[in-house]
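2 protein chains.
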Amino acid sequence: MHVFYTPDLQDQAHYQLNEEESKHCSRVLRLSVGDTVFLIDGRGGLYEAEIETAAKKHVELRITKTTKAYQKRNHHLHIAVAPTKNIDRLEWFLEKATEIGIDEITPIICERSERKVVKGDRLEKVITAAVKQSLQAYHPVLNPAVTFSELLAQQTNAQQTDLHTSPQQTNAQQKNAQETNLHTSPNTSAQKSVSKLIAHCIDDEQRRYLKDLVQPHGNYLMLIGPEGDFSPQEISSALAEGFMPVTLGTTRLRTETAALAACFEINYLNR
Amino acid sequence: MHVFYTPDLQDQAHYQLNEEESKHCSRVLRLSVGDTVFLIDGRGGLYEAEIETAAKKHVELRITKTTKAYQKRNHHLHIAVAPTKNIDRLEWFLEKATEIGIDEITPIICERSERKVVKGDRLEKVITAAVKQSLQAYHPVLNPAVTFSELLAQQTNAQQTDLHTSPQQTNAQQKNAQETNLHTSPNTSAQKSVSKLIAHCIDDEQRRYLKDLVQPHGNYLMLIGPEGDFSPQEISSALAEGFMPVTLGTTRLRTETAALAACFEINYLNR
Chain A
15 MHVFYTPDLQ
25 DQAHYQLNEE
35 ESKHCSRVLR
45 LSVGDTVFLI
55 DGRGGLYEAE
65 IETAAKKHVE
75 LRITKTTKAY
85 QKRNHHLHIA
95 VAPTKNIDRL
105 EWFLEKATEI
115 GIDEITPIIC
125 ERSERKVVKG
135 DRLEKVITAA
145 VKQSLQAYHP
155 VLNPAVTFSE
165 LLAQQTNAQQ
175 TDLHTSPQQT
185 NAQQKNAQET
195 NLHTSPNTSA
205 QKSVSKLIAH
215 CIDDEQRRYL
225 KDLVQPHGNY
235 LMLIGPEGDF
245 SPQEISSALA
255 EGFMPVTLGT
265 TRLRTETAAL
275 AACFEINYLN
285 R
Chain B
15 MHVFYTPDLQ
25 DQAHYQLNEE
35 ESKHCSRVLR
45 LSVGDTVFLI
55 DGRGGLYEAE
65 IETAAKKHVE
75 LRITKTTKAY
85 QKRNHHLHIA
95 VAPTKNIDRL
105 EWFLEKATEI
115 GIDEITPIIC
125 ERSERKVVKG
135 DRLEKVITAA
145 VKQSLQAYHP
155 VLNPAVTFSE
165 LLAQQTNAQQ
175 TDLHTSPQQT
185 NAQQKNAQET
195 NLHTSPNTSA
205 QKSVSKLIAH
215 CIDDEQRRYL
225 KDLVQPHGNY
235 LMLIGPEGDF
245 SPQEISSALA
255 EGFMPVTLGT
265 TRLRTETAAL
275 AACFEINYLN
285 R
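Residue numbers (my numbering), protein chains in the order written: chain A, 15 to 285; chain B, 15 to 285.
It cannot be assumed that every hint is accurate.
Each pair may be met inside one copy or between any two copies, as identical chains are not told apart.
Simulated crosslink set (DSBU-like; lysine-lysine; CA at most 35 Å straight-line) [as the list claims (entries may be wrong)]:
| # | residue 1 | residue 2 |
| --- | --- | --- |
| 1 | 82 | 71 |
| 2 | 70 | 99 |
| 3 | 130 | 146 |
| 4 | 79 | 37 |
| 5 | 79 | 99 |
| 6 | 146 | 133 |
| 7 | 146 | 99 |
| 8 | 225 | 70 |
| 9 | 130 | 82 |
| 10 | 82 | 99 |
| 11 | 130 | 71 |
| 12 | 225 | 37 |
| 13 | 86 | 139 |
| 14 | 130 | 79 |
| 15 | 99 | 71 |
| 16 | 71 | 225 |
| 17 | 133 | 70 |
Quick caveat, the hints were computed from the structure, so don't treat them as lab data.
Using the sequences and the hints given, assemble the complete structure.
Next up, the structure:
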């Protein structure tokens, strides 16, 4: 099963792979005229297509079957995670979270983050590879890295916007969002209030399991801290902003493992 | 928090790190007399110790605090997984499963396995590193790789043994098992019947979610297939041996992701 990621594919009946993908299709995969391939537009569209022309730099396809909203999730999951010191671990998380199901990822630079910089294009490639491999019709959105306080501010602003936004405006905003390649899941914070969660490692009584805090079919934002955990100031400012403290279990988890555990759990609760 | 894995530690009041660990302790970590370290014996013992001597090749410790059965799990999880073509993916699974919680792992060589050989010592090191990092007092047991049919045969034999084994014999067997460094969790198959599960990718009606198949506090054996899935013959022979077909969700998961998803789900069901 050969899958290509074609974000610019609209509803046309024919599609031409770009030079790189054409080369991959005709030379690496050695596919030829009449062979079937699958296309994913990253916005829920899954397409079956037949190869009409198979030149080295020029592969033309005829769409033979279109499925919209393929395996559309019943919830919206946004995980904001501190990039790991060893970037492989963050890349690993992105691959696995994409396989299991995630809508939005934001790298957050925290007080104790050893890594302050992330290369978005590299991470984007990892996500796209996982999208193709696991046949996800919705491409998770990787937001630019922000500081912890910037993320909290974004949330506060988003909520204030929601309060003064009519459904019409929301749809318009979504259209813009789509055009500017922002996230376009139905469960945007503009439509449903966000369950704001923070998984910190300080062992206090307040932390509870996700299943005791959130409802299915929700819109979730989960914060996962760096190797050294969030600072007490970060935790208290998040709690002040209405984030609920979460425990992911009794064992010590690495940053990327905690982020994936949260991803597993939210998807599990939404089965 | 500096953790050392000391499988030969019994109940003595003093312990000497081996040459390699001594060097790591005194030269790499630059710890000195009076500093505190933690020891894990891999059989449930967590020890706090103070450095009495800190020579380059000779670090002596005095045990100051002993905790037995530290974070003892309330279930027994054995995952038999086909080694991935890229061994990094299997190593990644071992690290993550150790963090989340697993008792026993068996690499199984399947009909469609591209990788037929695994180096146990290398994988053992990965598990031990994760044990120390995530402070697991119980060291997961890595069994030698076996073929799929050998694994099924082992299960049949184990069951027959159970039927004719008195508790006394079982305890004796466990003592031997401990001496020969086999698995020593209380939930051995000799004590509790095993929930036998197989997660295959053929989309049929029979597959059910784990939560609908197993009870908490159980003894579970989960089979995870290679990149190309189990062969139909392997699936039917497993079903004939009483394995229950499981689905881990609707998305396409890589071998190591499926194995970790199963590990996460079993731990989740046993909270």
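Comparing the hints with the structure gives:
no.: 1; hint: 82 <-> 71; in the structure: within (29 Å within a copy, 65 Å between copies)
no.: 2; hint: 70 <-> 99; in the structure: between (40 Å within a copy, 30 Å between copies)
no.: 3; hint: 130 <-> 146; in the structure: both (29 Å within a copy, 27 Å between copies)
no.: 4; hint: 79 <-> 37; in the structure: within (23 Å within a copy, 64 Å between copies)
no.: 5; hint: 79 <-> 99; in the structure: between (44 Å within a copy, 33 Å between copies)
no.: 6; hint: 146 <-> 133; in the structure: both (21 Å within a copy, 31 Å between copies)
no.: 7; hint: 146 <-> 99; in the structure: both (27 Å within a copy, 19 Å between copies)
no.: 8; hint: 225 <-> 70; in the structure: neither (52 Å within a copy, 50 Å between copies)
no.: 9; hint: 130 <-> 82; in the structure: neither (39 Å within a copy, 40 Å between copies)
no.: 10; hint: 82 <-> 99; in the structure: between (39 Å within a copy, 34 Å between copies)
no.: 11; hint: 130 <-> 71; in the structure: neither (39 Å within a copy, 38 Å between copies)
no.: 12; hint: 225 <-> 37; in the structure: neither (47 Å within a copy, 46 Å between copies)
no.: 13; hint: 86 <-> 139; in the structure: within (22 Å within a copy, 41 Å between copies)
no.: 14; hint: 130 <-> 79; in the structure: neither (45 Å within a copy, 39 Å between copies)
no.: 15; hint: 99 <-> 71; in the structure: between (39 Å within a copy, 31 Å between copies)
no.: 16; hint: 71 <-> 225; in the structure: neither (51 Å within a copy, 50 Å between copies)
no.: 17; hint: 133 <-> 70; in the structure: within (31 Å within a copy, 41 Å between copies)
Going through the hint list in order, the structure does not satisfy hints 8, 9, 11, 12, 14 and 16.
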